[in-house]
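Q: Build the full structure now, drawing on both the sequences and the hints.
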Amino acid sequence: MAMMMSSSSARSLLLLGLPLHLLLLVWCLGASSEASSSATTSRWWKDPKMKWTQVPRDYNWKKRRTGVRPQWTAQLGHWKHYKAPQISNSQEHILRNPKPWTQGRMYKFLRQASSTDRSFELLSVYEESAKGDWGKGWIQQRSVDDLWQMGHLFEKTAHRITTLPSILPDDMIREGADQSQVTIVCPDGCTVSGPRWLPTPAQAAQLREWQTSEGKPAQRFAFFELWLAEGDAEQHKLGAFVLYDGITGELVQVFDMTEVLLPDDDMQPHDPNRRVSLTALASTLPETAHRQWSSRGKLVDQSLRRAIAEGQPLAEVLVHAQFKRFFGRAVRSSSQGGSEAACERTTTPHGEEEPSPPNFGNHHIDIRWDDGRYLRLPRSLDGGSHHDEFVLEWGCPRLDGGLHRVRVWGKDDGNGWDHCVYERWN
Numbered sequence: 015m016a017m018m019m020s021s022s023s024a025r026s027l028l029l030l031g032l033p034l035h036l037l038l039l040v041w042c043l044g045a046s047s048e049a050s051s052s053a054t055t056s057r058w059w060k061d062p063k064m065k066w067t068q069v070p071r072d073y074n075w076k077k078r079r080t081g082v083r084p085q086w087t088a089q090l091g092h093w094k095h096y097k098a099p100q101i102s103n104s105q106e107h108i109l110r111n112p113k114p115w116t117q118g119r120m121y122k123f124l125r126q127a128s129s130t131d132r133s134f135e136l137l138s139v140y141e142e143s144a145k146g147d148w149g150k151g152w153i154q155q156r157s158v159d160d161l162w163q164m165g166h167l168f169e170k171t172a173h174r175i176t177t178l179p180s181i182l183p184d185d186m187i188r189e190g191a192d193q194s195q196v197t198i199v200c201p202d203g204c205t206v207s208g209p210r211w212l213p214t215p216a217q218a219a220q221l222r223e224w225q226t227s228e229g230k231p232a233q234r235f236a237f238f239e240l241w242l243a244e245g246d247a248e249q250h251k252l253g254a255f256v257l258y259d260g261i262t263g264e265l266v267q268v269f270d271m272t273e274v275l276l277p278d279d280d281m282q283p284h285d286p287n288r289r290v291s292l293t294a295l296a297s298t299l300p301e302t303a304h305r306q307w308s309s310r311g312k313l314v315d316q317s318l319r320r321a322i323a324e325g326q327p328l329a330e331v332l333v334h335a336q337f338k339r340f341f342g343r344a345v346r347s348s349s350q351g352g353s354e355a356a357c358e359r360t361t362t363p364h365g366e367e368e369p370s371p372p373n374f375g376n377h378h379i380d381i382r383w384d385d386g387r388y389l390r391l392p393r394s395l396d397g398g399s400h401h402d403e404f405v406l407e408w409g410c411p412r413l414d415g416g417l418h419r420v421r422v423w424g425k426d427d428g429n430g431w432d433h434c435v436y437e438r439w440n
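Here the sequence shown stands for residues 15 to 440, numbered as in the numbering used here.
Read the hints as simulated data drawn from the structure, not as lab findings.
Treat the hints loosely; a few may be bogus.
In silico DSS-like pairs for lysine-lysine, Cα to Cα no more than 30 Å straight-line [claimed, not checked]:
{"id": "1", "residue 1": "Lys63", "residue 2": "Lys94"}
{"id": "2", "residue 1": "Lys60", "residue 2": "Lys76"}
{"id": "3", "residue 1": "Lys113", "residue 2": "Lys338"}
{"id": "4", "residue 1": "Lys170", "residue 2": "Lys76"}
{"id": "5", "residue 1": "Lys97", "residue 2": "Lys60"}
{"id": "6", "residue 1": "Lys145", "residue 2": "Lys338"}
{"id": "7", "residue 1": "Lys145", "residue 2": "Lys170"}
{"id": "8", "residue 1": "Lys338", "residue 2": "Lys94"}
{"id": "9", "residue 1": "Lys65", "residue 2": "Lys312"}
{"id": "10", "residue 1": "Lys76", "residue 2": "Lys97"}
{"id": "11", "residue 1": "Lys97", "residue 2": "Lys312"}
{"id": "12", "residue 1": "Lys338", "residue 2": "Lys97"}
{"id": "13", "residue 1": "Lys94", "residue 2": "Lys425"}
{"id": "14", "residue 1": "Lys338", "residue 2": "Lys63"}
{"id": "15", "residue 1": "Lys65", "residue 2": "Lys77"}
{"id": "16", "residue 1": "Lys170", "residue 2": "Lys77"}
{"id": "17", "residue 1": "Lys170", "residue 2": "Lys65"}
{"id": "18", "residue 1": "Lys338", "residue 2": "Lys77"}
{"id": "19", "residue 1": "Lys338", "residue 2": "Lys170"}
{"id": "20", "residue 1": "Lys312", "residue 2": "Lys63"}
{"id": "21", "residue 1": "Lys77", "residue 2": "Lys63"}
{"id": "22", "residue 1": "Lys113", "residue 2": "Lys312"}
{"id": "23", "residue 1": "Lys63", "residue 2": "Lys113"}
{"id": "24", "residue 1": "Lys77", "residue 2": "Lys97"}
Every value quoted in this text rests on a predicted model; they were computed, and no experiment measured them.
A: Structural data, given as structure tokens:
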């Protein structure tokens, strides 16, 4: 419709006798303006009519599904690790079904660690092939079964903000460059974890100069952990983990995760101190959980799965799917590692936007797997000398026939990773 209106206006100007070269200039400017307006409004959370409400300080803690009871709960996972250079240096914009360099199973335990719900405990047990490069310096081999183990105690903080071990200039510490935040973008649907600070090009240069003048390497973690869940209590969920060098912006690690909740057994409660056989454990999964864990691609809508796996743009996938219902929730940060506000939408947005800032396609890569999962990520976080926009996007067909995704938007202009957006179509 916008292009038709522009053409109509052009014909009117031609009838008025406007010279052809000026006519073409006016028409191009009009089309450019309309396209720019469309790109802006298609991000529904940017609509000035959206109603944003403040997220309570303890929302991201109270809405969690992990470590909420004093007894251990357990999940069985399958982790696949990919070589970072294979992704960041790929000549293709779409990388189809990359082969993991290592993969394996893990056994995750969670429990509430205080009677007043001020902390919870996570303990993960891995077979050798599941470790990849994960947890170097922290992961330890178990004597009881020769598997590998790593644990952590999570404590309640405002907005679930934690301080990471860092070596940085004081002014960047004051901006929150050493902080990480957990955001429940959609309860029982999506969780995002990671630092929200991005250095501007000037700060990136300052970091390089600082570590030279100080004579010690700067250190900063730059990672994101993205989870999409189906069913309450995290019965089945898919995750992606992406790690960058916090100083150079270089891509360091990429792995994906599939996890299912293990049923309780009153006769033999979950116990991480007991000898574990992951092969035997997998064989005890209920049939439904086992299929979700090992054969997810066979359980989802096959036309959706094929379209995504073949590399179709998500805008086209959504148009052809003709979904009837939509739910979206966006969360924005007011500052680096600060308070948050959220808005929701239940009417389908008009038109779907594929991110297209300048050089976006060159700076990002789209990974598609045969089972319908996909991951879009920056090849690096080094934006050069100008302000660049970045997006991390993790999505997949749902077991109920729908599709959902999470996108984390960032820009190296001082705002950092300031928006997390969850969307679901049915």
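Q: Within a Cα-Cα threshold of 30 Å, do lysine 76 and lysine 97 meet the stated pairing?
A: 36 Å, violated
Q: Checking one constraint from the list: CA of lysine 94 to CA of lysine 425, max 30 Å. Satisfied?
A: Judged against 30 Å, a Cα distance of about 29 Å means the pair holds.
Q: Hint check: lysine 338 vs lysine 94, CA-CA at most 30 Å. Holds or violated?
A: Roughly 34 Å between the alpha carbons, so the hint for lysine 338 and lysine 94 is violated.
Q: Are lysine 338 and lysine 63 close enough, with their CA atoms no more than 30 Å apart?
A: 23 Å, holds
Q: Would the hint linking lysine 113 and lysine 338 be met if the CA-CA limit is 30 Å?
A: Roughly 35 Å between the alpha carbons, so the hint for lysine 113 and lysine 338 is violated.
Q: Hey, lysine 170 versus lysine 65, does the alpha-carbon distance stay inside 30 Å?
A: 28 Å, holds
Q: Quick one, are lysine 65 and lysine 312 close enough, alpha carbons at most 30 Å?
A: 39 Å, violated
Q: Could you grab the alpha-carbon distance between lysine 338 and lysine 77 and see if it respects the 30 Å cut-off?
A: 28 Å, holds
Q: Tell me if the straight-line CA distance from lysine 63 to lysine 94 falls inside 30 Å.
A: 42 Å, violated
Q: Mind checking the alpha carbons of lysine 77 and lysine 97 for me, to see if they're no more than 30 Å apart?
A: Roughly 34 Å separates the two Cα atoms, so the pair is violated.
Q: With a cut-off of 30 Å on the C-alpha distance, tell me whether lysine 312 and lysine 63 pass.
A: Between lysine 312 and lysine 63 the Cα gap is close to 41 Å, so the pair fails against 30 Å, i.e. violated.
Q: What's the verdict on lysine 65 and lysine 77, does the C-alpha distance respect the 30 Å limit or exceed it?
A: Distance ~21 Å between lysine 65 and lysine 77 Cα, so the pair holds.
When held up to the earlier numbered hints, the structure conflicts with 1, 3, 5, 6, 8, 9, 10, 12, 19, 20, 23 and 24 and fits the remainder.
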